[in-house]
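Asks: Chains G and R, in that order, are what the protein sequence lines are.
Quick note on numbering: this note's numbering labels position 42 of the first sequence as 42, and the sequence is numbered without any gaps.
Quick note on numbering: this note's numbering labels position 133 of the second sequence as 133, and the sequence is numbered without any gaps.
There's no promise every hint is true.
What the hints assert, rightly or not - Calculated cross-link-like contacts (lysine to aspartate or glutamate; reagent style EDC-like; alpha-carbon spacing at most 16 angstroms): (1) K173(R) x D99(R); (2) K173(G) x E160(G); (3) K159(R) x E130(R); (4) K84(G) x D67(G); (5) K48(R) x E160(G); (6) K48(R) x D7(G); (7) K48(R) x E23(G); (8) K173(G) x E71(G); (9) K84(G) x E71(G).
What the hints contain is simulated information worked out from the structure, not anything from laboratory work.
Number of protein chains: 2
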Amino acid sequence: MTSLMFDSSLALSEDAQNLLFREARTANSFTNQHVSTDQIEAIYELVKFGPTAMNNQPLRLLLVQSDEGRERLAPHMSEGNRAKTAIAPLVAVLAADTDFHDRLPEHFPHFPEARDMFVGKDDFRAGQAEFNAALQIGYFIVGVRAAGLAAGPMGGFDKEGIDGEFFAGTALKSQLVVNIGHPGEDAWIDRLPRLAVRDAVTVV
Amino acid sequence: MTSLMFDSSLALSEDAQNLLFREARTANSFTNQHVSTDQIEAIYELVKFGPTAMNNQPLRLLLVQSDEGRERLAPHMSEGNRAKTAIAPLVAVLAADTDFHDRLPEHFPHFPEARDMFVGKDDFRAGQAEFNAALQIGYFIVGVRAAGLAAGPMGGFDKEGIDGEFFAGTALKSQLVVNIGHPGEDAWIDRLPRLAVRDAVTVV
Numbered sequence: 001m002t003s004l005m006f007d008s009s010l011a012l013s014e015d016a017q018n019l020l021f022r023e024a025r026t027a028n029s030f031t032n033q034h035v036s037t038d039q040i041e042a043i044y045e046l047v048k049f050g051p052t053a054m055n056n057q058p059l060r061l062l063l064v065q066s067d068e069g070r071e072r073l074a075p076h077m078s079e080g081n082r083a084k085t086a087i088a089p090l091v092a093v094l095a096a097d098t099d100f101h102d103r104l105p106e107h108f109p110h111f112p113e114a115r116d117m118f119v120g121k122d123d124f125r126a127g128q129a130e131f132n133a134a135l136q137i138g139y140f141i142v143g144v145r146a147a148g149l150a151a152g153p154m155g156g157f158d159k160e161g162i163d164g165e166f167f168a169g170t171a172l173k174s175q176l177v178v179n180i181g182h183p184g185e186d187a188w189i190d191r192l193p194r195l196a197v198r199d200a201v202t203v204v
Numbered sequence: 001m002t003s004l005m006f007d008s009s010l011a012l013s014e015d016a017q018n019l020l021f022r023e024a025r026t027a028n029s030f031t032n033q034h035v036s037t038d039q040i041e042a043i044y045e046l047v048k049f050g051p052t053a054m055n056n057q058p059l060r061l062l063l064v065q066s067d068e069g070r071e072r073l074a075p076h077m078s079e080g081n082r083a084k085t086a087i088a089p090l091v092a093v094l095a096a097d098t099d100f101h102d103r104l105p106e107h108f109p110h111f112p113e114a115r116d117m118f119v120g121k122d123d124f125r126a127g128q129a130e131f132n133a134a135l136q137i138g139y140f141i142v143g144v145r146a147a148g149l150a151a152g153p154m155g156g157f158d159k160e161g162i163d164g165e166f167f168a169g170t171a172l173k174s175q176l177v178v179n180i181g182h183p184g185e186d187a188w189i190d191r192l193p194r195l196a197v198r199d200a201v202t203v204v
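With the hints as constraints, model all of the structure from the sequences given.
Replies: Right, here's the structure in full:
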């Protein structure tokens with residue numbers, strides 16, 4: 001089955017295609033095998049190279065590992081996600097730094113005016129932070145799989161609640177919560193249908 | 001140098017790490033080697049498996065290949081991007097379908113109420129479309145590199161202009177324009193600094 005699905009016209013090896021996309025799945029249950037913060041740091045050190053607009057890199061990761069951290073997180077998760085988050089080996093709260101522009105002089109040094117483009121433009125800056133953080137979250141999910149782990153992304157949570165609990169006094173805004181671990185029993189449902197290329201791609 | 005950078009704690013092979021992240025770069029110039037729409041379709045067939053919220057898959061791709069298509073696109077690109085877009089082997093306009101909910105009965109069939117959650121909630125729906133399309137754009141950029149090609153993502157364009165020109169009468173909203181091809185001479189500047197793990201990752 002795998003070999004039928006493999007596309008040899010791509011430069012990426014069959015193993016890597018399967019690891020990252022074709023066989024990788026969103027996990028809803030995990031084994032109790034530990035996931036270390038070192039593993040997540042190794043993922044970050046890989047996916048940090050993914051491109052963002054003006055190299056703005058708004059993504060920040062809060063790794064919830066301790067019992068105390070989980071107790072602070074749980075009330076802000078939607079009811080359907082609370083149990084999963086309590087037992088996942090590691091939970092990452094992925095946030096966008098809406099004050100990313102303060103670091104542009106360091107991250108985009110050849111264009112010294114970069115920071116000034118965003119001063120006083122809160123909505124524009126928030127939009128740029130959210131869009132580019134979402135690109136980086138896409139890279140991060142690929143990176144979790146690159147580490148041989150499964151990701152369980154969840155959008156069902158109270159953003160204001162999490163931001164107040166963990167990010168008070170900062171410009172960080174939570175975007176997605178991701179359970180991370182090795183897939184457990186009945187970790188996923190059957191693969192859901194994907195949009196056909198004829199419906200997704202148009203040529204002019 | 002490459003072997004020093006390689007992180008053997010990850011499951012993904014060194015070659016794949018380099019192809020997708022460590023050696024891949026945003027290209028600002030391209031050779032005149034042709035990029036076919038078949039190649040982009042092969043990329044789509046790989047990255048379509050990346051996860052989205054409720055499998056909503058809002059990303060749509062408009063491939064601009066013909067001279068006529070390029071002439072329609074050029075006036076809406078910012079001045080600094082216009083020349084690059086004119087000579088890139090292929091240009092993809094990546095858009096979010098803000099009416100993605102109409103396909104949820106097909107894409108998320110085990111939860112028949114899914115579509116109704118989004119009816120009449122235009123802002124919520126647009127936000128979901130943009131966030132999940134951005135995740136998919138992250139997967140797509142990885143996929144371009146998986147095909148052995150270089151991507152040149154550009155945020156500098158007139159969104160309303162492109163939407164009016166190509167997406168009038170639809171719910172599609174342009175998010176990013178990406179030049180695609182084989183890197184040409186002086187295709188990139190030196191790698192820009194990335195945020196250190198200690199500044200990007202916090203543990204609780």
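Asks: Can the restraint linking K173(G) and E71(G) be considered satisfied, given a maximum Cα separation of 16 angstroms?
Replies: 20 angstroms, violated
Asks: Going straight from one Cα to the other, do K84(G) and D67(G) come out at no more than 16 angstroms?
Replies: 14 angstroms, holds
Asks: K48(R) and E23(G) were given as a pair; does the straight-line alpha-carbon distance stay at or below 16 angstroms?
Replies: 12 angstroms, holds
Asks: Could you grab the alpha-carbon distance between K173(R) and D99(R) and see if it respects the 16 angstroms cut-off?
Replies: Given that 16 angstroms is the threshold and the Cα spacing comes to 10 angstroms, the pair holds.
Asks: Given the proposed pairing of K173(G) with E160(G), does the C-alpha separation stay at or below 16 angstroms?
Replies: 8 angstroms, holds
Asks: With the threshold set at 16 angstroms, check whether the alpha-carbon distance from K159(R) to E130(R) stays at or below it.
Replies: 13 angstroms, holds
Asks: Under the criterion that the straight-line Cα-Cα distance not exceed 16 angstroms, is the pair K48(R), E160(G) satisfied?
Replies: 31 angstroms, violated
Asks: Is the straight-line distance between the alpha-carbon of K48(R) and that of D7(G) 16 angstroms or less?
Replies: It holds: about 13 angstroms lies between the C-alpha atoms, which stays within 16 angstroms.
Asks: Given the proposed pairing of K84(G) with E71(G), does the C-alpha separation stay at or below 16 angstroms?
Replies: 13 angstroms, holds
Hints 5 and 8 from the earlier list are contradicted by this structure; the remaining hints agree with it.
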